[in-house]
Amino acid sequence: MIAKNLISLFEDSFKKHWSSTALSNYEGESYTYGQVATEVARWHDFFASQGLQHGDKVALMAKDSAEWAIFFVAVITYGCVIVPVLQDFPPQDAMQIITHSEAKLLAINSNLWEAMTPEGVPFIATVLEVQTSHILYAKAGREAVEAELQATRAAFLEKYPQGFTPDDISYYHTPNEEMIVLNYTSGTTGFSKGVMLSANNFAGNLVFCLERNIIRAGETLLCFLPMAHVYSCMINLFLALVSGTHVVILGKVPSPKILGAAFRKVRPTVVISVPLVLEKIYQNVLQPVLKSRKVRLMLALPIVRNIVYRKIREQLTEGMGGAFRQVIVGGAALNPEVGEFLKRIGFPITVGYGMTECAPLISYV
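Sequence positions in the sequence shown follow this note's numbering and run 1 to 365.
Heads up, a few of these hints could be off.
What the hints assert, rightly or not - Computed cross-link-like contacts, SDA-like style, restricted to lysine to any residue with a CA-CA straight-line distance of at most 20 Å: (1) K311 - M298; (2) K311 - M355; (3) K15 - G34; (4) K265 - G322; (5) K104 - G194.
Claimed, not checked - Label pairs and their in silico Cβ distance ranges: (6) T132 - D167: 53 to 61 Å; (7) V351 - E318: 42 to 50 Å; (8) Q287 - D12: 27 to 35 Å.
No lab work stands behind these hints, which were simulated from the structure alone. In this text, a Cβ means the ideal position worked out from N, Cα and C, and glycines have one as well.
Let's have the full structure, built from the sequences with the hints guiding it.
Okay, here's the thing in structure tokens:
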């Protein structure tokens, strides 16, 4: 068992990096660590008003955003179990997952809720819009619960007339041996399988990464991978927020054009990616260049080869923002041909291996 309590890592980081920027929506609103902690505390008051207890399940199904991340942190620091559901799951599958998890509260985007029914999620008492914090459905009556939500917000202001401060942070320290995330994977047959991840699973990953300074305070990440996946969630949310890092959340499909523009604007210092992104760059951008007669002739000359490799490395680096010190790749196997080429040109890539059940890190080389 990891000695350091997982939730205490969030407490320590929020207090230490209070004035630093923590989360940003790409081309949208930003939150400092202090503002994140304040919003988390607001959610805690609402959870208490709804009678949520430690260990209760709370489902989260929405597009990636700073608000998604804040709600996620609010759930686990309250002592509940978060059930992240991919926003692109078919409504029927999503309702099956939410019901199977026995979640009592659902945070969702309104357009996704429109495709569902209260009867399809019988254990859910309250449904709220995660972006706007409005109540979409409640067994006790939507207007009544909306009034309760607004009442907790008003009471919060009275409780902290001088504003919420680092000294006000006080989270429930879920014991590391207890479950904190219930993550549904696609599995191999039938419906998605629920993977029960303990606080210790994540604490083990975090302690390993923190000891090696894989991500450092003040650095910037561009999150373009689904945060409901444990790989992205672990690095772009858990590790980033306990390290004092700034995460810019893309919040849209990372097409080559959109991703390229985001890289240039955000200029991340560490890139968290999947092999497919690098493989597409290699196949669509680099291979045509490497197959040209001129480049093939230059690569045949040892005295010129390294110059060509340096130029390719510089162009590839600039295409991904030009400011990163390493690219971390995981989530699937990297094509050996692509990996060998990137190694040959001296591109700073690190390949990780893992699985959901390990939250997810197994190896990092």
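So, going through the hints one by one against the coordinates:
1. Straight-line distance between C-alpha atoms of K311 and M298 comes to about 12 Å, which keeps the hinted pair within the 20 Å bound.
2. Between K311 and M355 the alpha-carbon distance is near 36 Å, which puts this suggested pair outside the 20 Å criterion.
3. Simply put, K15 and G34 have alpha-carbon atoms about 8 Å apart, close enough for the 20 Å limit, and the pair holds.
4. A C-alpha spacing of about 10 Å is found between K265 and G322, which places the hinted pair at or below 20 Å, so the restraint holds.
5. Proposed proximity of K104 and G194 is supported: the alpha carbons are some 16 Å apart, at most 20 Å.
6. Between T132 and D167 the Cβ separation comes to about 30 Å, which falls outside the hinted range of 53 to 61 Å.
7. For the hinted restraint 42 to 50 Å between V351 and E318, the CB-CB distance of approximately 22 Å leaves it violated.
8. Q287 and D12 have their C-beta atoms about 47 Å apart, which leaves the hinted 27 to 35 Å range violated.
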